[in-house]
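Going down the list, the protein sequences come from chains V and E.
Read in the UniProt record's numbering, the first sequence has 311 at position 311, and its numbers run on one by one without any break.
Read in the UniProt record's numbering, the second sequence has 446 at position 446, and its numbers run on one by one without any break.
Honestly, the hints are just simulated from the structure, not real lab data.
What you are looking at is a predicted structure, and each value in this text was computed from that prediction instead of being measured.
Watch out, some of these pointers could steer you wrong.
Under 8 Å between C-beta atoms, here's a sample of chain V residues computed to sit facing chain E [claimed, not checked]:
#, residue
1, Phe207
2, Asp243
3, Ser325
4, Ala332
5, Arg338
6, Met357
Think about it this way: if two alpha-carbon atoms lie no more than 30 Å apart in a straight line, the pair counts; the simulated DSSO-like pairs of lysine-lysine are [what the hints assert, rightly or not]:
#, chain 1, residue 1, chain 2, residue 2
7, V, Lys100, E, Lys142
8, V, Lys394, E, Lys109
9, E, Lys91, V, Lys370
10, V, Lys241, E, Lys91
11, V, Lys270, V, Lys409
Even glycine gets a Cβ: it sits at the ideal position worked out from N, Cα and C.
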Amino acid sequence: MTNATELVKLSAAEMAAKLKAKEVSSRELTEAHLAVIDKAEPTVDAFLKVAAESALAEADAFDAKNAKGETEGLPELAGVPIAIKDMIVTKGIETTAASKILEGWVPPYDATVISKIKAAGMPILGKTNLDEFAQGSSTEHSAYKTTKNPWDAERVPGGSGGGSASAVGAFEAPIALGTDTGGSIRQPGAFTGTVGVKPTYGGVSRFGAIAMASSLDQIGPVSRTVLDSALLHEVIGGHDKRDSTSIPREVPPVVAAAREGLKMDLTGLKVGLVKELSGDGFQADVEARFNESVKLLEGMGAEVVEVSCPHFPAALGAYYIIMPSEVSSNLARYDGMRYGLRVMPPADVPQTAANMMAYTREAGFGDEVKRRIILGTYALSAGYYDAWYGSAQKVRTLVIEDFKNAFEKVDVLVSPTAPTTAFKFGEKTADPITMYLGDVTTIPANMGGVPAMSIPAGLGDDGMPVGFQFFAPQMQDEKMYKPAAALEAALENQWGGPIWNKLNTPWLAD
Amino acid sequence: MAEKLMKFSEAVKKYDPVIGLETHVELSTNTKLFCPAHIEFGGEPNTQLTPVSLGLPGSLPVINKTAVDYAIKLGLALHCEIAEWSQFARKNYFYPDMPRDYQISQYDKPTNGNGYLDVELDDGSIFRVPIERAHIEDDAGKNTHIGGADGRIEGADHSLVDYNRAGVPLIEIVTKPIEGVGDRAAEIAGAYMRTLRDIVRALNISHARMEQGNMRADVNVSLRPSPSDPYGTRSETKNVNSFRGIEKTITYEIRRQAARLDEGKEILQETRHWDESTQTTAGGRLKTDADDYRYFPDPDLVMLHITKEHIAEIAAEMPEMPRERRNRLQKEWGLSDLQMRDIINADALDLIEETVKAGAKAAGARKWWLGELSREANKKEVSLEELPITPADVAEVEKLIASGKLNDKLAKQTVAGVLAGEGTPDEVVKKHGYKIVEDTGAIEAAVDEALAANPDVAEKLKSGNMKPMGVIIGAVMKATRGQADAKAVTKIVMSKVKG
Numbered sequence: 001m002t003n004a005t006e007l008v009k010l011s012a013a014e015m016a017a018k019l020k021a022k023e024v025s026s027r028e029l030t031e032a033h034l035a036v037i038d039k040a041e042p043t044v045d046a047f048l049k050v051a052a053e054s055a056l057a058e059a060d061a062f063d064a065k066n067a068k069g070e071t072e073g074l075p076e077l078a079g080v081p082i083a084i085k086d087m088i089v090t091k092g093i094e095t096t097a098a099s100k101i102l103e104g105w106v107p108p109y110d111a112t113v114i115s116k117i118k119a120a121g122m123p124i125l126g127k128t129n130l131d132e133f134a135q136g137s138s139t140e141h142s143a144y145k146t147t148k149n150p151w152d153a154e155r156v157p158g159g160s161g162g163g164s165a166s167a168v169g170a171f172e173a174p175i176a177l178g179t180d181t182g183g184s185i186r187q188p189g190a191f192t193g194t195v196g197v198k199p200t201y202g203g204v205s206r207f208g209a210i211a212m213a214s215s216l217d218q219i220g221p222v223s224r225t226v227l228d229s230a231l232l233h234e235v236i237g238g239h240d241k242r243d244s245t246s247i248p249r250e251v252p253p254v255v256a257a258a259r260e261g262l263k264m265d266l267t268g269l270k271v272g273l274v275k276e277l278s279g280d281g282f283q284a285d286v287e288a289r290f291n292e293s294v295k296l297l298e299g300m301g302a303e304v305v306e307v308s309c310p311h312f313p314a315a316l317g318a319y320y321i322i323m324p325s326e327v328s329s330n331l332a333r334y335d336g337m338r339y340g341l342r343v344m345p346p347a348d349v350p351q352t353a354a355n356m357m358a359y360t361r362e363a364g365f366g367d368e369v370k371r372r373i374i375l376g377t378y379a380l381s382a383g384y385y386d387a388w389y390g391s392a393q394k395v396r397t398l399v400i401e402d403f404k405n406a407f408e409k410v411d412v413l414v415s416p417t418a419p420t421t422a423f424k425f426g427e428k429t430a431d432p433i434t435m436y437l438g439d440v441t442t443i444p445a446n447m448g449g450v451p452a453m454s455i456p457a458g459l460g461d462d463g464m465p466v467g468f469q470f471f472a473p474q475m476q477d478e479k480m481y482k483p484a485a486a487l488e489a490a491l492e493n494q495w496g497g498p499i500w501n502k503l504n505t506p507w508l509a510d
Numbered sequence: 001m002a003e004k005l006m007k008f009s010e011a012v013k014k015y016d017p018v019i020g021l022e023t024h025v026e027l028s029t030n031t032k033l034f035c036p037a038h039i040e041f042g043g044e045p046n047t048q049l050t051p052v053s054l055g056l057p058g059s060l061p062v063i064n065k066t067a068v069d070y071a072i073k074l075g076l077a078l079h080c081e082i083a084e085w086s087q088f089a090r091k092n093y094f095y096p097d098m099p100r101d102y103q104i105s106q107y108d109k110p111t112n113g114n115g116y117l118d119v120e121l122d123d124g125s126i127f128r129v130p131i132e133r134a135h136i137e138d139d140a141g142k143n144t145h146i147g148g149a150d151g152r153i154e155g156a157d158h159s160l161v162d163y164n165r166a167g168v169p170l171i172e173i174v175t176k177p178i179e180g181v182g183d184r185a186a187e188i189a190g191a192y193m194r195t196l197r198d199i200v201r202a203l204n205i206s207h208a209r210m211e212q213g214n215m216r217a218d219v220n221v222s223l224r225p226s227p228s229d230p231y232g233t234r235s236e237t238k239n240v241n242s243f244r245g246i247e248k249t250i251t252y253e254i255r256r257q258a259a260r261l262d263e264g265k266e267i268l269q270e271t272r273h274w275d276e277s278t279q280t281t282a283g284g285r286l287k288t289d290a291d292d293y294r295y296f297p298d299p300d301l302v303m304l305h306i307t308k309e310h311i312a313e314i315a316a317e318m319p320e321m322p323r324e325r326r327n328r329l330q331k332e333w334g335l336s337d338l339q340m341r342d343i344i345n346a347d348a349l350d351l352i353e354e355t356v357k358a359g360a361k362a363a364g365a366r367k368w369w370l371g372e373l374s375r376e377a378n379k380k381e382v383s384l385e386e387l388p389i390t391p392a393d394v395a396e397v398e399k400l401i402a403s404g405k406l407n408d409k410l411a412k413q414t415v416a417g418v419l420a421g422e423g424t425p426d427e428v429v430k431k432h433g434y435k436i437v438e439d440t441g442a443i444e445a446a447v448d449e450a451l452a453a454n455p456d457v458a459e460k461l462k463s464g465n466m467k468p469m470g471v472i473i474g475a476v477m478k479a480t481r482g483q484a485d486a487k488a489v490t491k492i493v494m495s496k497v498k499g
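Just chain V, same shape as in the assembly (with noise of 0.2 Å):
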């Protein structure tokens, strides 16, 4: 067998192909990955809880069938381990949000994503970090810990999708899943130098997603390759009858894109690159790794255009509106009756159900939690609702609208993923307009709609990752793929190899 560090360093696509040829076992990943887990957690913090027990009884079940040759029909990830977002339910296996409210909450449900994971044999090895209900940039907004960057422990890792971006970075698992509304899937992996896609809004079903904002949600792959995030996108994607918003059709084939893309030749591919989302309040070495993988893209034989999307500014503001909204109404469930946390008033407060609602909730939440809560309510209230959430609708159908005529002039979009890189700890918390600000290069695909996605495209001055962010039409995801997948060629040809070689993983060493 190969050794548990080497094993952890291969591809998903990678480990799949040795389980196909019984070189190595889904145990044995899984126990490899494990033990990762163990040797990493105290330094990275990625995960809120490790599920070894049921990963390994998972695995087995995969072993057994791989043995009696009954894999057919299964995805080609199948036996490969993966992390959960705890955004996602899974039977069986605590589910929280990373908020006190549904501490102990045990899902007697599986999401559909998760059905499908176990469907092709995939252990779970565990529900990962995030802000509290995905509410947060940074992942500091946990209520129980604080993951770091592996690039830089006193460094967060992005958010709200911290944890899946930090387990896959560290190699505690080589996928995860990550729910993305404004960018939790795509700026943690530009901060912490993994793949991460935010598909078609509608491409991936939501039933089992813990709803942050409704409209904006989206389940999507983080991984460390783009043919890995391909892989899983195809294993999740598709139909859903439990999800009205689930649009019937098959899954773009993002796989066959993928893997055509590492052929390294773009030509007749038209890139558009986003003025708006350049220039004031980005990075200079941002700015100069992006301009860099341009240079590459058309080295590929790609023709790259400027263009404008006149509305995507305005789309930050409209997002903290309707965001908000959602979040008031979503998060009301809440209230101590059915399940999670019950705070009884204090005895001399009156022991009615209002007033038990009242103390859970201001005991069960966190400040980010109950600011957008309040921010929420006080759009959608009467005399306010047509000056806020209706105009924040308007806008929303101006950055749709700038989708549409950009794609008639290009086949993908590109940005920086985020202004900067990886920040330190506390730096943005006491003034949430600055951390909000960061999203405005991620929130206009949510905003429309459409897939996005973010691959590492070097490091800044400061040795934390950049990331490069593509755009593509609504369910036409393949179409960001192929030159993602290039681009990723052309990086690693330049540099020699993966970005993670340059990664520090004392964890990793024996």
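Fit chain E to the supplied structure of chain V, relying on the hints for placement.
Okay, now just chain E, sitting in the frame of chain V:
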């Protein structure tokens, strides 16, 4: 504290009442509005649940297409405009029986809007009730308050919540302000509710049993000095669940509000409750700081698209509407307007029709349901359909009479047996050995005996005076324990006295 009331006749002379009804009809779909949880009345608490109907984190609603079709049917029956695109909205408020702490309803884009319902009043005239909208929404669960005196929340020490009803589909039919009702306000409201109930049943979209809460109404009443004045402040009496309760609420509110206005007091905009035991409405929650439900389109549900073709398909399958059916049956049964109205008022149309379908003659069916059985229902204070006798039973009794196996007296005894739970008419007849004595020998002997015992009667009969015939029949019946056929007895008596 008893409220002051004005005499009704005086109140409607001084003021012009305007009423409005918001009726919730629970649809009889097999599953809930937004998930496949099975629906059954009276199930064990909290057994008809899915993650969706319990509002578990991550669960998502998906619309039940049957419920939408039911709504379209009702929209067509109420002459509504059916929107090609309608939308669900969230009505946000915290309450223990609301699993998500918001109700999924329709707000500014309801499926059905702008219709009307023509209702027939006691004098045969037609009153047109304008319909504002008939929208789709889901029901809440049910709270049971324990430890208080009368099951109310006041004084209870804890409450239990049953979420079985949470997510059951409802249609809320909202009238426009109904003007020009005058002293017939209560009658119009009652006729409207009964007509609506009949339509809903004809469409087969709800069991529409008010006593089970399948149908309940919020009753709005306001007064103004004259029809040319703007509407007065209204009171809203919530969840009235009987036709009589609705009628009485309206009469009571008109009298109460008139008395207040006369004293120069203002009418509070509040929700009230109809109290059956005191026959009054009691004040509830003040609505002064207008509730803010923060409605917004539900992002979990795509807009509902109803094509013209689909509406046409449903329209083609619409059953006969109650008024057409009533006219048809009246003709088939050969009844006068008055007789037909008696049937309607007794809520016996369905029962009589089913009895006729089961083989009885219309006259016989009508006689039973409006006579003997209505008396029994009144005595027990239940509706006719709650009596433990089916139209098939009644038809069976009628057949036994027609075939000469029972006379009127035995038939009544048989029906009494069925009502007493002794089984079907056949079983009751067998159990008691009811049969008309056909043995003419036995009857002749009894007749001879009776004539001998009453020589004066025999003389009168001989001379053609038929009046005392009853004495002989009575005596024969007594002797045969009621099992003789009166006609047969008469025949024998006549042959004897004339022979």
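The hints, checked one at a time:
The interface hint given for V/Phe207 holds, since its Cβ lies 5 Å from the closest Cβ of chain E, which is under the 8 Å cut-off. The criterion of a C-beta within 8 Å of any C-beta in chain E is met by V/Asp243, whose closest approach is roughly 5 Å, and the hint holds. The closest approach between the C-beta of V/Ser325 and any C-beta of chain E is roughly 6 Å, which is under the 8 Å cut-off, so the hint is satisfied. Hint status for V/Ala332 relative to chain E: holds, with the closest Cβ pair at about 4 Å, below 8 Å.
At its closest, the beta carbon of V/Arg338 sits 6 Å from a beta carbon of chain E; the interface hint therefore holds under the 8 Å criterion. Hint status for V/Met357: holds, given a least beta-carbon distance of 6 Å to chain E, under 8 Å. Proximity of V/Lys100 to E/Lys142 is assessed by CA-CA distance (about 28 Å); at most 30 Å being required, the pair is judged to hold. For the given pair, V/Lys394 sits about 18 Å from E/Lys109 by alpha-carbon distance, which is consistent with the 30 Å threshold.
Of the pairs offered as hints, the one joining E/Lys91 and V/Lys370 holds, with about 20 Å between alpha carbons and a cut-off of 30 Å not exceeded. At most 30 Å may separate the alpha-carbon atoms for a hinted pair to count; V/Lys241 and E/Lys91 meet this at roughly 24 Å. About 8 Å separates the Cα atoms of V/Lys270 and V/Lys409, which keeps this hinted pair within 30 Å; it holds.
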